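Number of protein chains: 2
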Amino acid sequence: MDHEYFMKQAINKAGQALATGDVPIGAVVVRDGEIIAAACNEKERCGDALRHAELLALERAAAAIGDWRLSDCTLYVTLEPCPMCAGAIINARVGALVYGAADEKAGACGSVCNLFAMPLNHAPAVTRGVRERECAELLERFFETLR
Amino acid sequence: MDHEYFMKQAINKAGQALATGDVPIGAVVVRDGEIIAAACNEKERCGDALRHAELLALERAAAAIGDWRLSDCTLYVTLEPCPMCAGAIINARVGALVYGAADEKAGACGSVCNLFAMPLNHAPAVTRGVRERECAELLERFFETLR
Chain Y
871 MDHEYFMKQA INKAGQALAT GDVPIGAVVV RDGEIIAAAC NEKERCGDAL
921 RHAELLALER AAAAIGDWRL SDCTLYVTLE PCPMCAGAII NARVGALVYG
971 AADEKAGACG SVCNLFAMPL NHAPAVTRGV RERECAELLE RFFETLR
Chain D
871 MDHEYFMKQA INKAGQALAT GDVPIGAVVV RDGEIIAAAC NEKERCGDAL
921 RHAELLALER AAAAIGDWRL SDCTLYVTLE PCPMCAGAII NARVGALVYG
971 AADEKAGACG SVCNLFAMPL NHAPAVTRGV RERECAELLE RFFETLR
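Listed in order, the protein sequences are those of chains Y and D.
Residue numbers 871 to 1017, in my numbering, belong to the letters of the first sequence in order.
Residue numbers 871 to 1017, in my numbering, belong to the letters of the second sequence in order.
One chain only, chain Y, in its complex shape (with noise of 0.2 Å):
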């Protein structure tokens, strides 16, 4: 069990967000090769912006877990976080961030900001591109539709 497969299974999840009208973005949270935690972006479905799918798994692994400190956790989400969500990951102390499409908009990861970089009290060892054209076609076939 690698990053692709978990990616596949935040993918998978993405797909959730299509019922209710939402952004297909899709996470899990991975703690010793299980999965503790699984979200989609419910924006639209709950009338609440804060509702991202990486705020939503992280919230559910902390319940998981009994413990706020996420530190031996992975997070895979399928697009790049926005500074919300990687401002979450800081809080947090996710240890591992993986993602699969950049976020040209509001990508806080390395696209129009790099929070990770930036002086705060923590920092995630980021892997960027795992399935990444998968993730991207999701998005892009939902906004075609849109269209």
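Be a bit skeptical, because a hint or two may be false.
So these bits of chain D aren't anywhere near chain Y, every CB distance computed over 12 Å [to be verified]:
1. His873
2. Thr997
3. Leu1009
Which residues of chain D face chain Y? A partial, calculated answer using Cβ under 10 Å [unchecked claim]:
4. Lys913
5. Leu928
6. Gly936
7. Trp938
8. Cys952
9. Pro953
10. Ile960
11. Ala962
12. Cys983
13. Pro989
Computed spacing ranges between beta-carbons, pair by pair [stated by the list, open to error]:
14. Met988/D / Asp872/Y: 32 to 42 Å
15. Thr890/D / Thr1015/Y: 41 to 51 Å
16. Arg1017/Y / Thr997/D: 35 to 45 Å
If you're looking for bench data, these hints aren't it; they were derived computationally from the structure.
Given the structure is predicted, the values throughout are model-derived calculations rather than measurements.
Every residue gets a Cβ at the ideal spot worked out from N, C-alpha and C, and that includes glycine.
Following the hints, put chain D in place on chain Y, whose structure we already have.
For chain D alone, kept in the frame of chain Y given last:
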């Protein structure tokens, strides 16, 4: 009713965090001169690093008005928002932000960085330093008792 009045309500809310050993930070969301949501930091209480006062207050505000867009709302918070909370303010399109004390270690509205000056898709109007001394003293007293 003005900035001083609403910041006082955020300070009162901050005090509630002390009961659970949480860092005393409080927030209220105001719309049409009325407080529609309030929250204090619940990180330790809930064992979840994402339960900052701002995030909770914005979540409750969206639920209160039934819309994720908080363009006509003002968020009052005792401490300068961190990257996660500043990012949440952007995502929820919060119209205005008023904060008390600056956060030299994690503030993302001018101290460590300024997310609102980056080419993201929204930035609130910002007022800094309202009841700054009171907001800062609440935190100083809390950290002194920990020593």
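Structure-based check of each hint:
1. Remark: the non-interface label on His873/D is consistent with the geometry, its nearest Cβ contact in chain Y lying 24 Å away (cut-off 12 Å).
2. Distance to chain Y confirms Thr997/D as a non-interface residue, since its nearest Cβ pair spans about 21 Å, more than 12 Å.
3. Every Cβ of chain Y is farther than 12 Å from the Cβ of Leu1009/D; the closest lies at roughly 16 Å, confirming the non-interface assignment.
4. Interface restraint check for Lys913/D: the shortest CB-CB distance to chain Y comes to about 6 Å, inside 10 Å, so the restraint holds.
5. A least Cβ separation of about 6 Å between Leu928/D and chain Y falls short of the 10 Å threshold, and the interface hint therefore holds.
6. Residue-level restraint check for Gly936/D holds (minimum Cβ-Cβ distance to chain Y is 6 Å; threshold 10 Å).
7. At about 4 Å, the closest approach between the beta carbon of Trp938/D and any beta carbon in chain Y falls short of 10 Å, and the interface hint on this residue holds.
8. Here the hint on Cys952/D is kept, as its CB sits about 6 Å from the closest CB of chain Y, short of 10 Å.
9. Taking 10 Å as the C-beta contact cut-off toward chain Y, the hint placing Pro953/D at the interface holds, the least distance being around 3 Å.
10. Because the smallest distance between the Cβ of Ile960/D and any Cβ of chain Y comes to about 7 Å, under 10 Å, the interface hint for this residue holds.
11. At its closest, the beta carbon of Ala962/D sits 4 Å from a beta carbon of chain Y; the interface hint therefore holds under the 10 Å criterion.
12. Interface restraint check for Cys983/D: the shortest CB-CB distance to chain Y comes to about 5 Å, inside 10 Å, so the restraint holds.
13. Checking Pro989/D against chain Y by beta carbon gives a least distance of about 6 Å; that is within 10 Å, so the hint holds.
14. With their beta carbons about 34 Å apart, Met988/D and Asp872/Y fall inside the hinted range of 32 to 42 Å.
15. With their beta carbons about 46 Å apart, Thr890/D and Thr1015/Y fall inside the hinted range of 41 to 51 Å.
16. Distance hint check for Arg1017/Y and Thr997/D: the Cβ-Cβ separation is about 40 Å, which falls inside the suggested range of 35 to 45 Å.
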